[in-house]
Amino acid sequence: MAGLSDVQGTATDSPTTTPKVVVDGVDKVYESERQRVEALSDVNFSVSEGEFVCLVGPSGCGKTTLFRTIAGLEAPTGGEIRLDGEAVTGPGTDRGMVFQEYGLFPWRTVRDNVAFGLEEQGVEEPDRTRRVDEMLDLVGLGGFADAYPKELSGGMKQRVGIARALAVDPEILLADEPFGSVDAQTRDMLHEELLRIWAETGKTVLFVTHDVEEAVKLSDRVVVMAADPGRVREVVDVDIERPRERTDPAFGEYVGRIRELIGE
Amino acid sequence: MSLETGSASPRTTAETGTTGVTTTDADTSDSEPSTGTGSLSDLDAVGLAYGAVGSAVFLAVWQAAAMAVGRTYLLPSPVEVATAFVVELTAPTTFTVPFVGASIPATRLIANLLQSLLHYIPGLVVGSILGISLGIAMGWSGRLDDALTPVTRFLRPIPPLAWIVFAIVWIGIGHGGAAFIVGIGAFWINFYNAYAGVEGVSTHLREVASTLGVDDDLTMIRKVILPAATPSIATGVRTSIGQCWMIVVAAELFGAPGVGFQIINAAQNLSTDVSVAYMAVISLVFLVSDGAFRRVERRALAWRD
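Respectively, the protein sequence lines represent chains A and B. Here the numbering used here is used: the first residue of the first sequence is 13, the next is one more, and so on. Here the numbering used here is used: the first residue of the second sequence is -5, the next is one more, and so on.
Read the hints as simulated data drawn from the structure, not as lab findings. Every residue, glycine too, gets a C-beta built ideally from N, C-alpha and C. A portion of the hints provided could be inaccurate.
Pairs of lysine to aspartate or glutamate residues, derived as EDC-like cross-links and limited to a Cα-Cα distance of at most 16 Å, are as follows [to be verified]:
1) A/K162 to A/D200
2) B/K217 to A/E131
3) B/K217 to B/E201
4) B/K217 to A/E132
5) A/K162 to B/D299
6) B/K217 to A/D124
7) A/K162 to A/E113
Just so you have them, the derived chain B footprint on chain A, three or more residues with Cβ under 8 Å [what the hints assert, rightly or not]:
8) 46 to 54
9) 101 to 108
Negatives, chain A to chain B, calculated, CB over 10 Å [said to hold, decoys possible]:
10) G62
11) G72
12) L85
13) D96
14) G129
15) P161
16) V180
17) G192
18) W210
19) E257
Sequences and hints are given; from them, build the entire structure.
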């Protein structure tokens, strides 16, 4: 790993407007009798309203731990996460989550999966059905409303996952390697779709991946993490017009630079 | 599994050797709508023909052995059993409806079956509900699990029939006592399946639900744990439907009226053909109820992989 030690990306360096998400001095230590693992050490960065930010890093850099902490599924041992200025204390519908393993409820149809969060919010019919249809159209699954998850391909499952996460109209969309289990061709297609959905909904997106090209393809900024302990190495602004092509020399430069930071 | 060969064999007995007929029959009824939904549709014509041949050979060997033995009480032949079956099925008697007290006309076989069902069904239903409830509770709550696991571990290995002592001193040996024994059997089977089903629900799904706004235990149990555990719970119910018949027969050995009692009673009169006829009744009732349950299960759990 390169000997860089300059840790950038504090809560103050966000270029525009008020930060939507602030990761403020987050530490996460797992302690057992035999060992002490520092999964995250003083992680600082922020995400602006409407911004698309990717978290990349080698395995063991704590990016999934950070994702789970932002989701409220784990509590930080130090520091805090703030969403719209409020500290995150647990999971909630203000953060729409998309998981690598989809997490669809197998006993529910596509329609009922998307409706799950709406039911919890107390959205009544016919609004619920209208909202579900809207979401299914957004992800292009209108014709599969009554299918069960087992009947869908990986890419389709993840589109249901995205529709379900967005149905409750969260403040931000959090995704943990959402396309890690689909083939390359489907992944490219899903990238296009996600960017379209992002443009259409104006949501703030925080996207965890280990795939540097995916990060450069998608995001406004890339938070590059390092391992042992998990920390932010650098935050890279990706200044390329969309749609982005992998063949673009500038694209390659970004990929090369981030890979170097990661130490690949 | 056994259901297929079971449904094939009566047909073969009626038309011994005419396997061709059986095969065409299967083509139109069983194989055509096969859309890969379950074991029944996996049956092809050839498989069915083999089943028919196997059944025919079994019956032939049995008949030959019975003729060689030459004494009905030692080994009744299939023909004798079938005859006894028909006699029991048609011999008129009355059946007294408990609690109501009214007598309704019935045949011997039907009356005995109803007697058995009078403890089989309450035992199965009550035992299953209690077992499923405790299984879910212990699967969900770690504290309750810790508290009760020593007790359940200790009580589990005791065969249901061993409780006959208490069935007799508490309730008396009749429908109540037999239902009690059946209930204990149903309880454990359903307890362990429900427990395993709830324990096996992935934390991932629970986390997903919590990010979608589920923030209390009851909603989590109702909307995530129960549906996810349903296949395992259904397996428990289906297993107990079969196992409880064995317990019914065992319980009736102690004098509760019903099919099991008839098996013993007839044998004591050396009418083993009647005994075997009642053994066949249990088998048929099991096949019908198990088949019906599978059908419902397959439809209700169509979402399974």
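Results of checking the hints against the structure:
{"no.": "1", "hint": "A/K162 to A/D200", "result": "violated, 23 Å"}
{"no.": "2", "hint": "B/K217 to A/E131", "result": "holds, 10 Å"}
{"no.": "3", "hint": "B/K217 to B/E201", "result": "holds, 13 Å"}
{"no.": "4", "hint": "B/K217 to A/E132", "result": "holds, 10 Å"}
{"no.": "5", "hint": "A/K162 to B/D299", "result": "holds, 6 Å"}
{"no.": "6", "hint": "B/K217 to A/D124", "result": "holds, 12 Å"}
{"no.": "7", "hint": "A/K162 to A/E113", "result": "holds, 13 Å"}
{"no.": "8", "hint": "46 to 54", "result": "violated (count 0)"}
{"no.": "9", "hint": "101 to 108", "result": "holds (count 6)"}
{"no.": "10", "hint": "G62", "result": "holds, 21 Å"}
{"no.": "11", "hint": "G72", "result": "holds, 21 Å"}
{"no.": "12", "hint": "L85", "result": "violated, 5 Å"}
{"no.": "13", "hint": "D96", "result": "holds, 17 Å"}
{"no.": "14", "hint": "G129", "result": "violated, 4 Å"}
{"no.": "15", "hint": "P161", "result": "violated, 8 Å"}
{"no.": "16", "hint": "V180", "result": "violated, 7 Å"}
{"no.": "17", "hint": "G192", "result": "holds, 14 Å"}
{"no.": "18", "hint": "W210", "result": "holds, 19 Å"}
{"no.": "19", "hint": "E257", "result": "holds, 34 Å"}
This entry does not satisfy hints 1, 8, 12, 14, 15 and 16, going by the numbered hints stated previously.
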